[in-house]
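*Asks:* Protein chains in written order, with the numbering used here: chain U, 1 to 379; chain Z, 1 to 330.
A few of these clues could be false.
Stated by the list, open to error - So the derived list for chain Z, only partly shown, Cβ under 7 Å to chain U, looks like this:
#1 L51
#2 N55
#3 Q62
#4 T154
#5 P158
To be verified - Simulated crosslink set (SDA-like; lysine to any residue; CA at most 25 Å straight-line):
#6 U:K203 to Z:E157
#7 U:K335 to U:N90
#8 U:K358 to U:K335
#9 U:K358 to Z:L126
#10 U:K203 to Z:I99
#11 U:K201 to U:G172
#12 U:K192 to U:D167
#13 U:K358 to Z:E157
#14 U:K358 to Z:N155
As the list claims (entries may be wrong) - Residues of chain U placed beyond 12 Å of chain Z at every Cβ, according to the derived structure:
#15 N90
#16 T126
#17 A155
#18 Y214
#19 G284
#20 P366
The hints are simulated quantities; they were obtained by calculation from the structure and are not laboratory data. Model, not experiment: these values are computed from the prediction. Glycine included, C-beta positions come from ideal geometry on N, C-alpha and C.
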Amino acid sequence: MEESTMRRRIVGAIASIALVVAACGGAASPAPSSPASPSIDLNAKTVGPNGEPSTPVDQIPDLTADEVAQVQGAKYTAALLWAGAGTWYNALTAGAEEEFARLGIEIVARAEANFDPARQQTDVETAMARRPSIILTLPVDPTAAATAFRPAVDAGVKLVFVDNGIDGYTAGKEYVAIVTGDHFEMGKAAAKLMSDAIGGKGKIGYIFHDAVYYVTNNRDRYFKAAIEQLYPDIQIVAEQGFTEEGKTQEIAAAMLTQHPDLNGIYVAWSAAAQGVIAALREAGRKDVKVVAYDLDAVNDLDMARCGNMYGVALDQPYLEGKIMARIAAQALLGKSVPPFITVPVQTETRETIAQVWKENVNADPPQEILDALASPCPS
Amino acid sequence: MTAGDRDAPLGFVESARRRVAAGRIENLIVYLGFLVIFAFFAVVLRDRGFLTPDNLANIGRQTAMVSIMAVGMTFALSAGEIDLSIGSIVALSAMVAAILLRDGHFSLAIAAALGVGLLTGFVNGLLTTKVRIPSFLVTLGMMSILVGLARITTNLEPVPITNQAYVFWFGSGDLGPIPILLVWTAVFVFAGHVLLRFTPFGRHLLATGGNRTAARYSGIDTDRIKIAALMISATCAAVAGMLFAGRLHGARYTLGETELMTVIAATVIGGTSLFGGRGSVIGALVGSLLMGVLNNGLLLLGLTVSEQLVARGAIIIVAVALSLREARTS
């Protein structure tokens, strides 16, 4: 008797929660996303966090033989304090290591903050115990990093940033410079890839990074703006954000359920595209093309096999790491360095895989990719 | 009275068996909750694709790995232990399989990936029972060790899988109209259910988890039971890792890192006690399906990530609360 009353209450409780959820869902569909994109001026030049003009990376001079000898004699040391880990960071590290080795600079500390600003603060404190002359870093959070890196600034360490700046810091004072991919141009390049992939017209799904993160937010926003402003025959019919890259499979599957007429899917980065491709494979949809960013062996294999992965836009982490190391040395010699240095955007499609691997990460693609490239796509 | 002396401990095992039988009713609430949530989405999303066969197949595929891990977790929890290392076992077993497949070793890849699970579970079990470190801490440490190893294997680089037989049998294939992932799920759920419900091992496991001292006095080797439970849990996770790799046609060290909480929630919603002595494999399956339907439905509703998190969290709390209440009243 009492138990059946309880069960009824239980069912009632579940039902009412479900109703609340549904009410929210109704209002939120389609999902809100990045700010309205027409406000984005696609022709505007990319500038630094304080409006600094960008300097192309090829205008950064190499050190002279004398300078190299001078740096080598000074026994400088460096710390690499990255935000995350993976292929991109490996290439960044490789570039920095090679340049530091050439300059006789010893790397005395390495850390990776797993995108946690608090952990990065600990990393800085720990690295400072080794008294490095240089810190190369990707600040996780531009606000929190202002405090986190203060001990390094006070100790006169030469700070060089990749991708992100730090709020309230000025180039030439607290830090040397920012070296970065051009994320606006990467977004636009991804839009161009999407247009190429689906023949200039059709319906696409847009899977964006639903968190505040400078790099992904800019790429996502510029992709969306470029599609809306430059490719009027392409419609974004489905939008969904994600925070965990393992969830993109479910998202893509849901998109295909509701929009079986999709021609393409954009996703915020390459490792996250793996789930999208799995969803397309399971749905038997060879015709839907995927565009993302960054090198990734698994997705490049799909690309090489003429699967769903059409192309990625990329920056050049190996080159960025190298330049970061180089300008840090220049700063130690008291030379002036431009505050905001950009590397040009690259794109990778099946035709350019081998070349892009060489340029981008200074390595050959894995053998299975080369094997797949050897046989032509079925037309 | 020698007979009386023997009867007392046997009576304890008998009562555990009866509790198992009663478990069928204990789990009523999770089935009910599943049906309510399913029916709700079926109505609200009737014109948004929820009930299409493709979508239902998607839910089945998406939940397969969690279901299999939840079967394993049912054994660990029922034995009065917990296994926090399952997410990292997924990553390491997937990496090991992918690397060996790259070098052309099909059978070795499968054996080694399973070996990751068996060995991890064995070490977890030994440290828990012989060194008497709580399994919470043992498996927490193990999680860190395995994540580190998975990262070291290829220096963080993902490894593609090109072996067609592997990706067919471990993730991407279909047997007729049935996705292979559903077959794997069915096999594990069936085996797990039989093992827990209908074998002496299952009874001893529940007795051990319910009251270790009493179980030991009734002649059960509780250490062996606990080691076996942790090996089952770890091996299920290793299989899930192999399936992740097969489904995604490649492995990366981040695989499985977010699955642990989903697995624990699914298992507990399914009527398994966090404190041992009570477990249901079928319940764990339904708990996993409930989580899968929830994820799917909330996505199809068009909720943002933040809204999904709030809704999912609220429903999980309600489901677990109801499940626990049900257990206390029956």
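*Asks:* Does each hint hold? Answer for all of them.
*Replies:* Hints versus structure:
1. L51: Since the shortest Cβ distance to chain U is 10 Å, the answer is violated.
2. N55: At 5 Å from the nearest chain U Cβ, Z:N55 passes the 7 Å test, so the hint holds.
3. Q62: At about 6 Å, which falls below the 7 Å cut-off, the nearest Cβ of chain U leaves the hint on Z:Q62 intact, so it holds.
4. T154: violated (9 Å)
5. P158: Hint on Z:P158: holds, closest Cβ of chain U at ~5 Å, below 7 Å.
6. U:K203 to Z:E157: violated (33 Å)
7. U:K335 to U:N90: With Cα atoms ~28 Å apart, U:K335 and U:N90 exceed 25 Å; violated.
8. U:K358 to U:K335: violated (31 Å)
9. U:K358 to Z:L126: Not satisfied, since the Cα-Cα distance of roughly 48 Å exceeds 25 Å.
10. U:K203 to Z:I99: The given pair, whose Cα atoms are some 38 Å apart, is violated under the 25 Å limit.
11. U:K201 to U:G172: Not OK: U:K201 and U:G172 at ~47 Å, beyond 25 Å, violated.
12. U:K192 to U:D167: violated (32 Å)
13. U:K358 to Z:E157: It holds: about 16 Å lies between the C-alpha atoms, which stays within 25 Å.
14. U:K358 to Z:N155: Holds, at about 18 Å.
15. N90: The claim is violated: U:N90 sits with its nearest Cβ about 6 Å from chain Z, within 12 Å.
16. T126: At roughly 18 Å from the nearest Cβ of chain Z, U:T126 sits farther out than 12 Å, so the non-interface label holds.
17. A155: holds (30 Å)
18. Y214: holds (18 Å)
19. G284: violated (10 Å)
20. P366: Given a closest Cβ separation of 7 Å, the condition is violated.
The structure fails hints 1, 4, 6, 7, 8, 9, 10, 11, 12, 15, 19 and 20 (numbered hints given earlier, in ascending order).
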